[in-house]
Every structure is written in structure tokens, then in C-alpha cells.
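Listed in order, the protein sequences are those of chains A and B.
The first sequence begins at 1 in UniProt numbering and counts up one residue at a time.
The second sequence begins at 1 in UniProt numbering and counts up one residue at a time.
Calculated directly from the structure, the hints in this document are not laboratory data.
It should be emphasised that the depicted structure is a prediction, and the values quoted were computed from it without experimental measurement.
Virtual Cβ for every residue (Gly too), placed ideally from N, Cα, C.
Errors might be hidden in some of the hints.
Calculated cross-link-like contacts (lysine-lysine; reagent style DSS-like; alpha-carbon spacing at most 25 angstroms) [as the list claims (entries may be wrong)]:
1) K180(B) <-> K149(B)
2) K142(A) <-> K106(A)
3) K56(A) <-> K217(A)
4) K210(B) <-> K99(B)
5) K266(A) <-> K99(B)
6) K162(A) <-> K173(A)
7) K256(A) <-> K103(B)
8) K286(A) <-> K21(B)
9) K131(B) <-> K210(B)
10) K202(B) <-> K180(B)
11) K256(A) <-> K217(A)
12) K149(B) <-> K131(B)
13) K99(B) <-> K144(B)
14) K310(A) <-> K21(B)
15) K266(A) <-> K103(B)
16) K310(A) <-> K210(B)
17) K99(B) <-> K286(A)
18) K225(B) <-> K142(B)
19) K210(B) <-> K180(B)
20) K92(A) <-> K142(A)
21) K256(A) <-> K99(B)
22) K103(B) <-> K142(B)
23) K266(A) <-> K256(A)
24) K99(B) <-> K149(B)
Some residues of chain B that are not near chain A, with every Cβ distance over 10 angstroms (derived) [what the hints assert, rightly or not]:
25) I18
26) H85
27) K103
28) M110
29) K144
30) E152
Chain by chain, the residues:
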Amino acid sequence: MSSEVRRIRYSPPWGDASIIGVAGSSGSGKTSLALAIVASLNLPWVVIMSMDSFYKPLNAEQSAIAFRNEYDFDSPEAIDFDILVDRLRDIKQGRVAEIPIYSFEKHNRIEKTTSIYSPHVLILEGIFALHDQRVLDLLDLKIFAEADADLCLSRRLVRDVKERGRDIEGCIKQWFGYVKPNFYKYVSPQREIADVIIPRGIENTVAISMVSGQIQKTLAHKSAQHQEQLQRLGKIAEDAPLSPNAIILPQTNQVKGIHTLLMDPKTSTEEYIFYFDRLVTLLVEKAVDFLPSHPEQVITPAGNVYMGLKTSVGTSAVVILRGGSAFETGLRRTIPDCRTGRILIQTNYRTGEPELHYRALPKNIAEDGLVLLLDPQMSSGGAALMAVRVLVDHGVPEDRIVFVTYLAGPVGVNRVLSVFPEVRVVVARMGDDMEERWVESRYLGC
Amino acid sequence: MTDNTAPSQSVGPEYLPIGRKPTATVSTNLAHDNVTILPQTSQLIALLTMIRDKNTGRADFIFHSNRIIRLLVEEGLNHLPVVEHTITTPVGRTYSGVKFEGKICGVSIMRAGESMEQALRECCRSVRIGKILIQRDEETSKPKLYYDKLPEDIAERWVLLLDPMLATGGSALMAVEVLKSRGVPEDHILFLNLIASPEGAKNFAERFPKVRVVTAFVDMGLDEKNYIVPGLGDFGDRFYTM
């Protein structure tokens with residue numbers, strides 16, 4: 001059925017991340033420069049990624065050489081460009097990228113990884129940020145940080161001794177044996193392909209504000225595109241009949257009675273919470289009916305056989321903050337030990353654009369049989385669309401996602417379901433489009 | 001054991017093609033208008049599978065039976081009257097809603113019926129709960145009323161009568177007689193039941209055609225000892241003492 005539905009594209013603001021490369025000699029102040037740019041923007045969706053994470057792991061023999069300070073870390077050979085390009089492509093396409101963590105003490109990758117997800121702008125910094133053609137093809141802006149060689153050496157000495165546990169003699173040996181020759185051979189030529197050359201690092205406030213101005217322009221453009229896209233999706237949604245994947249709770253006398261109490265401003269907070277929890281329990285019971293099950297025969301205590309059903313996969317939930325937290329009491333009545341992730345999506349009060357601020361998802365969420373997305377109210381569907389996209393980016397199959405909400409407008413629901421036709425929406429009551437949020441404020445009391 | 005064969009059908013969400021829905025034994029249908037059987041969803045069947053399984057421990061038994069009972073209570077409450085009630089919503093719109101009308105109370109048939117009180121309270125916070133103790137007389141093997149304590153104004157209330165298992169229906173029939181003797185009109189009684197035998201449900205529905213029976217599942221039949229087949233063992237024991 002779902003295959004007949006025309007799938008409409010939605011690209012979140014991180015769907016086409018801009019990547020900025022910052023190259024320069026070791027000790028030239030690339031990291032501080034990148035940090036200064038990020039600090040001047042002060043936005044969670046601008047992220048720095050260091051190429052230090054992509055050093056190749058060393059085998060025993062190489063490692064021994066490295067501990068004698070005779071391994072050439074300053075040659076492009078030491079960098080695992082294949083993995084770097086792979087991860088950059090993930091980020092560019094808005095997927096979750098697992099970034100290796102390199103231990104300078106062990107000269108090897110540690111088992112853990114850090115994940116980078118949903119930056120709108122990524123700053124890639126490293127001596128060879130502008131070296132590999134495949135990387136260059138992904139860059140939107142190429143920066144070369146320039147600094148005096150004496151300054152570079154002294155900075156490098158301080159850093160390697162203090163932060164990377166090396167001794168001074170070894171550092172000097174490396175500088176003249178590898179760093180300096182490599183600079184002329186590989187680092188310096190990158191100047192030629194840079195868009196901008198920034199001398200004097202963080203002291204150069206003019207350059208920093210120019211670059212952050214450029215990034216701001218990019219961000220504003222992405223935001224405008226995103227809003228335009230949401231509007232376009234809204235127009236499509238307006239013309240369509242309500243999707244069959246929107247499941248409305250049967251409006252029985254009890255359900256209608258509860259609606260009446262919930263919507264009546266005269267209902268006390270205590271009563272409101274009680275009846276809301278009760279309705280959420282019904283919603284969750286409805287939603288978990290989508291959990292896949294298989295036939296299984298059981299024996300009763302009297303020795304009789306019953307041909308029933310068993311579920312072998314779990315259900316997890318993702319609460320869209322802050323409203324979704326009003327669903328947790330009801331959720332736990334049905335699934336007391338439900339693994340629960342949280343994402344914070346805030347609507348920018350100036351632009352009306354939903355923004356992803358925070359995410360903490362259960363491990364292996366993609367393997368669950370069902371993932372419930374909880375948010376008491378869906379009006380434009382912008383936040384819902386973003387939340388579903390976050391789950392899809394984390395590998396959750398669309399048909400295992402059920403969006404559970406108390407109140408939704410038909411346009412919002414259709415907007416989500418036109419982009420993700422296999423998702424299901426379980427809703428207690430269909431309301432008007434663009435209804436202001438009030439459900440969670442009543443529940444939480446503020 | 002009766003020669004009824006257990007009905008089997010594909011259960012699962014409507015959008016799934018029959019071939020992709022798992023097959024399970026579902027409730028027997030009854031031709032009585034006053035008997036409401038809960039929709040046989042895959043979740044309900046999975047919950048029932050859980051509590052029927054002899055290997056299910058007490059904690060899981062309690063939790064999962066409570067989930068079914070809550071659905072029974074919600075369904076039962078839907079048979080209570082409401083009156084129209086229009087309100088203005090927090091965003092200034094009008095909603096033509098309804099208001100619950102009439103006082104209610106619960107009456108549990110001891111002891112198994114008491115296991116249903118928690119779920120009832122989860123839906124109706126401060127509901128009054130009366131008790132009836134009916135035991136089978138060893139000599140006559142007929143049910144005998146041992147004890148009852150009911151709200152004084154029970155005649156003016158809607159009564160949710162609670163008993164999870166309906167086998168021959170002896171105790172439930174007697175409990176209704178007790179309620180009627182206290183002035184509760186028959187059509188103000190809702191009998192909430194988890195698993196019924198077809199014989200018990202039929203007897204009950206025919207004897208009290210105005211009492212509304214809400215059950216999760218009508219089983220295959222009764223065995224020679226009048227136990228429900230396949231049933232789930234002794235509900236009270238599994239809930240309270242096993």
C-alpha cells in the first residue's frame with residue numbers, strides 16, 4: 001500500500017552540511033583559529049573535527065619506531081584519508097558519522113568512537129586538510145592558516161610536552177627530521193589552492209569575523225531553504241486527504257469525556273494530569289499494537305495448549321522535549337522498563353523554524369521492533385518531521401516508527417506522512433492546523 | 001470438555017496483508033448483544049499468551065493481567081451515560097464534548113475479583129469498592145453467599161462487577177442477585193471479566209439480558225471439572241499466592 005504513495009523529499013538543515021577546511025603548518029594555530037570561529041558564532045550546529053583523529057593505527061614495528069620518535073607523523077602517509085573521506089561524506093549527507101579516537105600515548109585508535117551528527121557547518125582542521133582531492137571536492141571553503149616558523153616550533157614544543165606526553169629532545173628531533181621538510185614538500189603547496197590565507201591566527205580578528213560572517217550567511221541560507229521546504233510540504237499536505245497511516249483513537253464516550261476535561265481551562269491541574277495519563281495509556285496501548293509478533297504455543301498451568309502470540313523484539317521510545325516528557329507516566333504503565341531516548345527540538349521564536357539542540361538515543365535503537373516518538377502536540381509537523389528524520393538517520397526503519405501524539409492538525413500529519421509514508425501516527429484527537437502549543441504547559445504547570 | 005474447536009485467525013494491524021499477519025487462537029464469538037468482547041488485537045493476544053503460560057512468573061502475571069484489565073475497565077466505562085457539554089479550549093475554540101454522568105462504584109467478587117481493583121482505580125481515582133464473598137458449599141456444591149459489604153447508596157449507582165474468570169457463572173449470577181436485592185437495576189450493572197467460558201457467558205447473558213458483560217476473551221469450553229479450557233489456571237492463586 002505504502003509503495004503507491006508518492007514519497008516527497010525532505011532535507012533537514014543538516015542534510016547538506018557545509019564543510020570548511022583549515023590547513024596550515026603544525027603549530028600555526030589552526031585549532032585556536034577554528035575554535036575562535038566557532039566561539040564567535042556560538043551555535044550548537046557548528047562543529048570542529050580534527051584530522052588528528054584520523055591517524056592510521058600503527059602496527060607493533062611502526063609503534064616501536066614511533067616511540068623512538070622516528071616515525072613520520074607529519075607526512076600525508078600517516079593519515080587515513082580513506083576513512084576521513086568516508087566520514088566526511090556521511091556528514092555531508094546528514095548521516096551519523098562515527099569518528100575514531102586516536103591515542104597519542106598508545107599510537108593507536110581506542111575502541112570508542114565519538115559520533116558527529118547533524119552539524120550544519122563542519123570545520124575540518126589539520127595540516128593536510130587541503131591535501132587530498134577527494135576531501136577538496138567536499139569542501140565549501142578552503143582556509144590556510146599561516147604563521148612564523150619559530151612560533152610554530154615553540155607552540156608545538158609546548159603542546160607535545162604538556163598534552164601529548166613527549167619529551168623535549170624527541171620533539172626537536174621530529175621537528176627537524178620530519179616536520180620542517182614535510183612542510184615545504186606537502187603543507188606549503190596547499191596555500192595555492194586555499195580560498196583564504198589567514199596570517200597571525202587568532203590575533204587576526206578581522207579575518208575571523210570575515211569567516212564567521214561567511215558562515216552566518218551560509219546558515220541563514222540553509223535556514224531559509226529549510227523553511228521554504230516546510231512551507232512547500234505544507235501546501236502539498238493541504239491538498240491531500242488524511243493519510244490512512246494516521247490512526248485516530250476511536251472517539252468513544254470516555255475518550256470524548258476525557259478530551260472535554262483536558263480542554264476545559266476550569267479543570268484543576270491534578271485532574272488534568274490524572275486524565276492525561278489515562279489517555280496516554282490508551283494511546284500507548286494502541287501504538288504498541290504495531291509491535292511485530294509471531295505465533296507461539298504455550299501450556300497453561302492446567303496442562304492445556306493455547307496457540308498465542310509472542311513478541312521477541314523490544315519497544316523503545318524517544319521523547320521529544322520538553323512536551324514529550326508528559327507522556328512518560330502513561331508510557332511506563334504499559335512498558336515499565338521502556339528504553340527512552342530524548343531529543344530537544346526548539347522552534348526558533350524569530351523564524352518559526354524547528355532546531356535540533358540535543359539528542360541522547362538508546363544504543364542499538366535501530367534493532368528495536370518498534371520506536372515510539374512521543375510529543376503531545378503536532379501542529380505544523382516541522383518538529384515531528386525533524387524527529388523522524390533523526391531516527392531514520394540513526395538507522396531506524398521507517399515502518400518501525402510510530403509517532404504518538406495527543407493533538408494533531410491534518411496538514412501537520414500529512415506533511416510528515418508525505419515525506420515518510422511508512423511511518424504511523426497515533427493521535428487522540430484531530431484538531432486545527434497551526435494550533436498553539438498548550439497541552440504540555442497544562443501538564444507541567446508552566 | 002465440549003467439542004468446540006478453537007477459532008483461529010490472522011491478527012495484526014489492518015494495513016498488513018493477511019499473509020504477513022501471525023495466526024493465533026482468538027475469542028469464540030457469541031450471539032448475544034449484551035456481551036462485548038474486546039477487539040482481538042495482536043497486543044491483546046500477546047498479553048493473554050503471557051498470562052496463560054504456566055512459565056510466567058507472578059510479577060509478570062500481575063503486570064500483564066493488569067494491562068488487560070485496564071482495557072476492560074476503559075471499555076466498560078464506555079457503556080456509562082454521558083451528557084453533552086460544550087467548553088471553550090485554552091486557545092479559544094469551542095469543543096462540543098461530553099460530561100460523565102451518574103455515580104459509579106466497583107464490586108469485586110472475592111478474592112480473584114479484588115485483583116482488578118488496581119486497574120479500576122487507575123481509571124477512576126476515588127471510586128468506592130464493595131465486596132462480595134461467595135464460596136461453593138461443600139455439601140450442596142452450590143455457590144453460597146458468605147459475606148458482603150456494599151456502599152449504602154448502591155441503588156443509585158452504576159455498578160462495575162469484577163471477576164476475572166467466568167466458568168459456570170454460578171458466583172457471578174449470585175452476585176447479580178445480591179446487587180438486585182439491594183435495589184440496583186439490572187441495566188445499571190456492568191460485569192467486567194477477563195476470560196469466560198462460552199457456557200458461562202451464555203448462561204449469564206440469557207439470565208440477565210440487561211446486564212452488560214465486557215470480556216477480553218471467550219475460551220473454548222469447560223472440562224469435566226468445570227474449569228475453563230484452555231484457561232490460565234487459578235487466577236487468584238497466580239495473582240496472590242503462587
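We went through each hint and held it up to the structure:
1. Proximity of K180(B) to K149(B) is assessed by CA-CA distance (about 14 angstroms); at most 25 angstroms being required, the pair is judged to hold.
2. For a cut-off of 25 angstroms, the pair hint linking K142(A) to K106(A) is broken: about 32 angstroms separates their Cα positions.
3. Our distance criterion of 25 angstroms between C-alpha atoms is broken by K56(A) and K217(A), whose separation comes to about 36 angstroms.
4. For the hint pairing K210(B) with K99(B), the CA-to-CA distance comes to about 24 angstroms; that is within 25 angstroms, so the pair holds.
5. The hinted pair formed by K266(A) and K99(B) meets the criterion: a straight-line CA distance of about 13 angstroms does not exceed 25 angstroms.
6. For the hint linking K162(A) to K173(A), the alpha-carbon distance of about 17 angstroms falls within 25 angstroms, and the restraint holds.
7. Taking the CA atoms of K256(A) and K103(B), the gap is about 18 angstroms. The hint holds against a cut of 25 angstroms.
8. A threshold of 25 angstroms between alpha carbons decides the hint, and for K286(A) with K21(B) the separation of about 17 angstroms falls inside it, so the pair holds.
9. In summary, the hint linking K131(B) to K210(B) is supported, as the alpha carbons are separated by about 22 angstroms, within the 25 angstroms threshold.
10. The straight-line distance between the Cα atoms of K202(B) and K180(B) is roughly 20 angstroms, inside the 25 angstroms bound, and the hint therefore holds.
11. For the proposed pair K256(A) and K217(A), the alpha carbon gap of about 49 angstroms is over 25 angstroms, so the pair is violated.
12. For the hint linking K149(B) to K131(B), the alpha-carbon distance of about 5 angstroms falls within 25 angstroms, and the restraint holds.
13. Distance check on the hinted pair: K99(B) and K144(B) sit about 39 angstroms apart at the alpha-carbon level, beyond 25 angstroms; violated.
14. Of the pairs offered as hints, the one joining K310(A) and K21(B) holds, with about 13 angstroms between alpha carbons and a cut-off of 25 angstroms not exceeded.
15. Proximity of K266(A) to K103(B) is assessed by CA-CA distance (about 21 angstroms); at most 25 angstroms being required, the pair is judged to hold.
16. For the hint pairing K310(A) with K210(B), the CA-to-CA distance comes to about 37 angstroms; that exceeds 25 angstroms, so the pair is violated.
17. For the hint linking K99(B) to K286(A), the alpha-carbon distance of about 24 angstroms falls within 25 angstroms, and the restraint holds.
18. A distance of roughly 14 angstroms separates the Cα atoms of K225(B) and K142(B); the hinted pair therefore holds under the 25 angstroms criterion.
19. With a C-alpha separation of about 12 angstroms, the suggested pair K210(B) and K180(B) falls inside the 25 angstroms cut-off, and the hint holds.
20. Annotation: proposed proximity of K92(A) to K142(A) holds, straight-line Cα distance about 16 angstroms (limit 25 angstroms).
21. In summary, the hint linking K256(A) to K99(B) is supported, as the alpha carbons are separated by about 8 angstroms, within the 25 angstroms threshold.
22. Restraint check for K103(B) and K142(B): the C-alpha separation of about 33 angstroms exceeds 25 angstroms, so the hint is violated.
23. Taken as a hint, the K266(A) and K256(A) pair is honoured in the structure, with Cα atoms around 17 angstroms apart against an allowance of 25 angstroms.
24. At most 25 angstroms may separate the alpha-carbon atoms for a hinted pair to count; K99(B) and K149(B) exceed this at roughly 30 angstroms.
25. The claim that I18(B) is not at the interface with chain A holds, since no C-beta of that chain comes within 10 angstroms of its own (minimum 13 angstroms).
26. Against the 10 angstroms criterion, H85(B) falls within the reach of chain A, whose nearest CB is about 6 angstroms from its own CB.
27. With a minimum CB-CB distance of about 15 angstroms to chain A, K103(B) clears the 10 angstroms threshold, and the non-interface call stands.
28. Every CB of chain A is more than 10 angstroms from the CB of M110(B) (nearest about 21 angstroms), matching its label as outside the interface.
29. At roughly 25 angstroms from the closest C-beta of chain A, the C-beta of K144(B) stays outside 10 angstroms, upholding its exclusion from the interface.
30. The claim that E152(B) is not at the interface with chain A holds, since no C-beta of that chain comes within 10 angstroms of its own (minimum 26 angstroms).
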